[in-house]
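Protein chains in written order, with our numbering: chain X, 2 to 125; chain A, 2 to 433.
Because the hints were derived from the structure by calculation, they are not lab data.
Even for Gly, the Cβ is constructed at its ideal location relative to N, Cα and C.
Misleading hints may appear alongside valid ones.
To be verified - Pulled a few chain A residues facing chain X out of the computed Cβ check, cut under 10 Å:
| # | residue |
| --- | --- |
| 1 | 180 |
| 2 | 256 |
| 3 | 286 |
| 4 | 375 |
| 5 | 379 |
To be verified - Straight-line distance between alpha carbons at most 30 Å, and here's what the computed BS3-like set of lysine-lysine pairs gives:
| # | chain 1 | residue 1 | chain 2 | residue 2 |
| --- | --- | --- | --- | --- |
| 6 | A | 94 | A | 291 |
| 7 | A | 353 | X | 20 |
| 8 | A | 430 | A | 353 |
| 9 | X | 95 | A | 367 |
| 10 | A | 270 | X | 68 |
| 11 | A | 140 | X | 68 |
| 12 | X | 95 | A | 140 |
| 13 | X | 95 | A | 291 |
| 14 | X | 20 | A | 173 |
| 15 | X | 20 | X | 4 |
| 16 | X | 68 | A | 430 |
| 17 | X | 68 | A | 94 |
| 18 | A | 353 | X | 68 |
| 19 | A | 148 | X | 105 |
| 20 | X | 105 | A | 353 |
| 21 | A | 367 | X | 90 |
| 22 | A | 148 | X | 90 |
| 23 | X | 90 | A | 291 |
| 24 | X | 76 | A | 270 |
| 25 | A | 94 | X | 76 |
| 26 | X | 105 | A | 270 |
| 27 | A | 173 | X | 95 |
| 28 | X | 76 | A | 31 |
| 29 | X | 90 | A | 251 |
| 30 | X | 95 | A | 94 |
| 31 | A | 276 | X | 105 |
| 32 | X | 105 | A | 291 |
| 33 | X | 90 | A | 181 |
| 34 | X | 68 | A | 276 |
| 35 | A | 270 | X | 90 |
As the list claims (entries may be wrong) - Simulated DEER-style distance windows between Cβ atoms:
| # | chain 1 | residue 1 | chain 2 | residue 2 | range |
| --- | --- | --- | --- | --- | --- |
| 36 | X | 21 | A | 256 | 45 to 55 Å |
| 37 | X | 77 | A | 181 | 47 to 57 Å |
| 38 | X | 97 | A | 96 | 52 to 62 Å |
| 39 | X | 72 | A | 68 | 37 to 47 Å |
| 40 | X | 45 | A | 61 | 26 to 36 Å |
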Amino acid sequence: MGKKVMVVDGDAESLSTVKFTLEAAGYEVGVCENGRLAWDAISQFQPDLIILDVMLPGIDGYSLQIKLAQEPATKDMPIVVLTALEPAKSLFQKFPQVVAFMTKPFQPEALLEHVHGALARAGG
Amino acid sequence: MSESSYDAIVVGAGPAGISAAIVMARAGLKVALLERGEYPGAKNVQGAVLYSRMLHEILPDFWTMPGAALERPVVEQKTCVTTEDSWITFGYKSLKFLQGIPNCYTIIRVKFDQWYAAQAETAGAELFCGVTVREVIRKDGRIAGIKTSDGDELESSVVLACDGANSLLAQKAGLIDELKPVEVALGAKEVIGLDPKIIEDRFQLNPGEGSAMDIFGSVTLGMLGYAFLYTNKESLSLGVGCRLSDYQAKGLRPSDHLELVKRHPYVAKLISGGKTLEYSAHLIPEGGFKSMPPLFSDGFLVAGDAAQMTNPPYREGSNIAMTAGRLAGETVIEAKKKGDFSAASLSAYQLKLKASYVLSDMEDIKDLEDAVASVPGFLEAYPKLACDLAHLRFSADGVPKRQHLRQAFRLVADRGLWRIAKDLWPLRKVAI
Numbered sequence: 002m003g004k005k006v007m008v009v010d011g012d013a014e015s016l017s018t019v020k021f022t023l024e025a026a027g028y029e030v031g032v033c034e035n036g037r038l039a040w041d042a043i044s045q046f047q048p049d050l051i052i053l054d055v056m057l058p059g060i061d062g063y064s065l066q067i068k069l070a071q072e073p074a075t076k077d078m079p080i081v082v083l084t085a086l087e088p089a090k091s092l093f094q095k096f097p098q099v100v101a102f103m104t105k106p107f108q109p110e111a112l113l114e115h116v117h118g119a120l121a122r123a124g125g
Numbered sequence: 002m003s004e005s006s007y008d009a010i011v012v013g014a015g016p017a018g019i020s021a022a023i024v025m026a027r028a029g030l031k032v033a034l035l036e037r038g039e040y041p042g043a044k045n046v047q048g049a050v051l052y053s054r055m056l057h058e059i060l061p062d063f064w065t066m067p068g069a070a071l072e073r074p075v076v077e078q079k080t081c082v083t084t085e086d087s088w089i090t091f092g093y094k095s096l097k098f099l100q101g102i103p104n105c106y107t108i109i110r111v112k113f114d115q116w117y118a119a120q121a122e123t124a125g126a127e128l129f130c131g132v133t134v135r136e137v138i139r140k141d142g143r144i145a146g147i148k149t150s151d152g153d154e155l156e157s158s159v160v161l162a163c164d165g166a167n168s169l170l171a172q173k174a175g176l177i178d179e180l181k182p183v184e185v186a187l188g189a190k191e192v193i194g195l196d197p198k199i200i201e202d203r204f205q206l207n208p209g210e211g212s213a214m215d216i217f218g219s220v221t222l223g224m225l226g227y228a229f230l231y232t233n234k235e236s237l238s239l240g241v242g243c244r245l246s247d248y249q250a251k252g253l254r255p256s257d258h259l260e261l262v263k264r265h266p267y268v269a270k271l272i273s274g275g276k277t278l279e280y281s282a283h284l285i286p287e288g289g290f291k292s293m294p295p296l297f298s299d300g301f302l303v304a305g306d307a308a309q310m311t312n313p314p315y316r317e318g319s320n321i322a323m324t325a326g327r328l329a330g331e332t333v334i335e336a337k338k339k340g341d342f343s344a345a346s347l348s349a350y351q352l353k354l355k356a357s358y359v360l361s362d363m364e365d366i367k368d369l370e371d372a373v374a375s376v377p378g379f380l381e382a383y384p385k386l387a388c389d390l391a392h393l394r395f396s397a398d399g400v401p402k403r404q405h406l407r408q409a410f411r412l413v414a415d416r417g418l419w420r421i422a423k424d425l426w427p428l429r430k431v432a433i
């Protein structure tokens, strides 16, 4: 069974591209489009890694990140931030669990490289 | 989506974008209004109070329009200053707020934006939802359209960036730098369902009337920011927002902060028995006047939150966005008549903003936050001093009043009269 990756992205187009990219690489993928539903979706899916957008409806990615960084169940879970909001990069640098900050549009190979690398470092 | 080119592409169906679209479409321009969310308002988190006059200038007597998505006309505006166990409230209630052009309404943005966008469609603008703009198209050095995330290209004589705080378009046009924790607020809000009758009893309102309250002091735990409580038809909007750098220093989550606000005895009583219907939390760039990007370039205009056009101490934002959107629209209409969409032609937009209240108001408050932040403990010390003085004034404790007066002088002297005057002097800008 492949590792589990949760994709939280408010942009349906981007969400389906990321899902397709990860599934093609053998990952089991969970998705969520709405920040308000993301925490429950993550708790239920129990991913090995999260791909997180910033500009989400309801609760944005930064607010989610604060929660993810504080909750014992998720504080060590690697996170790849994938957003169109490049100016937010500096805000995410203070979270050790954020292993990469990528901007949209993204290169699928670069995303996979970050995901493979982070999961390998997290214990293969 | 239509492949034909437009006179104007407006990115973002919020107060600024819809206002611009209405004005331009009415003048016969071919306008595309693009919205990233599934529908207008889907991505919004505003409070919200909307001042009426600026919308009235676009949609005269909008409050009489059938289906106008308004909650309650606000008859009372209050400020509450708290310590942990005490609070002073002062406010102003006037029936004049309901006469002529009602002063302001509470609104729920997800409803309001859909209604307002429909008015743009009625005026002739084409609304497209679920469209994320990825890039601006440049031709001969000027912006000449946009490219969407699914690869569609749309051409236009001018692009209006009205895509709100965290504007992707202003970013793509190279107008926005990195977000800094001292220039960004983190806001959390709950919509709390409550029976209309209970709302009216608790807030002493006649049926259908509303109130709006800002809360300062202990509720922000010394951080720079404030809480608010607005009455909607069948719910309350309770929110709190503080500087991100303060949240970082305190290690506090906005959701936990909002819970603390809800537990303050004054707030707790007002929201008692209510049911949380919705929770929101967002980063809100609040750089204001000092962080405004250039407002125009060749074939490009920026309006509303995308240009940091907010006035938090006066709770103004959506009304400013409407004025800016209208003025941007009027500028484009004039540019179309001249057949000139160059930066020189579009610079008329900045002159119009200068002639209006928008830029002067923003300039006046540009140093206020820094002034308050530069006095350690400002938002704790002064609410406490005010409550301590009020406690003396309203207590009959068997002590002669002349001793109360001496005690009051001592409280003021402890802080230092000169220091108090110096600390409070910057607040003159928001006194009237």
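Okay, the hints, checked on the actual structure:
{"no.": "1", "hint": "180", "verdict": "holds, 5 Å"}
{"no.": "2", "hint": "256", "verdict": "holds, 7 Å"}
{"no.": "3", "hint": "286", "verdict": "holds, 9 Å"}
{"no.": "4", "hint": "375", "verdict": "violated, 23 Å"}
{"no.": "5", "hint": "379", "verdict": "violated, 25 Å"}
{"no.": "6", "hint": "A:94 to A:291", "verdict": "violated, 34 Å"}
{"no.": "7", "hint": "A:353 to X:20", "verdict": "violated, 47 Å"}
{"no.": "8", "hint": "A:430 to A:353", "verdict": "holds, 23 Å"}
{"no.": "9", "hint": "X:95 to A:367", "verdict": "holds, 28 Å"}
{"no.": "10", "hint": "A:270 to X:68", "verdict": "holds, 28 Å"}
{"no.": "11", "hint": "A:140 to X:68", "verdict": "violated, 44 Å"}
{"no.": "12", "hint": "X:95 to A:140", "verdict": "violated, 39 Å"}
{"no.": "13", "hint": "X:95 to A:291", "verdict": "holds, 25 Å"}
{"no.": "14", "hint": "X:20 to A:173", "verdict": "holds, 26 Å"}
{"no.": "15", "hint": "X:20 to X:4", "verdict": "holds, 13 Å"}
{"no.": "16", "hint": "X:68 to A:430", "verdict": "violated, 37 Å"}
{"no.": "17", "hint": "X:68 to A:94", "verdict": "violated, 40 Å"}
{"no.": "18", "hint": "A:353 to X:68", "verdict": "violated, 44 Å"}
{"no.": "19", "hint": "A:148 to X:105", "verdict": "holds, 13 Å"}
{"no.": "20", "hint": "X:105 to A:353", "verdict": "violated, 35 Å"}
{"no.": "21", "hint": "A:367 to X:90", "verdict": "holds, 26 Å"}
{"no.": "22", "hint": "A:148 to X:90", "verdict": "holds, 23 Å"}
{"no.": "23", "hint": "X:90 to A:291", "verdict": "holds, 21 Å"}
{"no.": "24", "hint": "X:76 to A:270", "verdict": "violated, 36 Å"}
{"no.": "25", "hint": "A:94 to X:76", "verdict": "violated, 48 Å"}
{"no.": "26", "hint": "X:105 to A:270", "verdict": "violated, 46 Å"}
{"no.": "27", "hint": "A:173 to X:95", "verdict": "holds, 25 Å"}
{"no.": "28", "hint": "X:76 to A:31", "verdict": "violated, 50 Å"}
{"no.": "29", "hint": "X:90 to A:251", "verdict": "holds, 21 Å"}
{"no.": "30", "hint": "X:95 to A:94", "verdict": "violated, 46 Å"}
{"no.": "31", "hint": "A:276 to X:105", "verdict": "violated, 38 Å"}
{"no.": "32", "hint": "X:105 to A:291", "verdict": "holds, 28 Å"}
{"no.": "33", "hint": "X:90 to A:181", "verdict": "holds, 10 Å"}
{"no.": "34", "hint": "X:68 to A:276", "verdict": "holds, 23 Å"}
{"no.": "35", "hint": "A:270 to X:90", "verdict": "violated, 41 Å"}
{"no.": "36", "hint": "X:21 to A:256: 45 to 55 Å", "verdict": "violated, 33 Å"}
{"no.": "37", "hint": "X:77 to A:181: 47 to 57 Å", "verdict": "violated, 28 Å"}
{"no.": "38", "hint": "X:97 to A:96: 52 to 62 Å", "verdict": "holds, 57 Å"}
{"no.": "39", "hint": "X:72 to A:68: 37 to 47 Å", "verdict": "holds, 43 Å"}
{"no.": "40", "hint": "X:45 to A:61: 26 to 36 Å", "verdict": "violated, 51 Å"}
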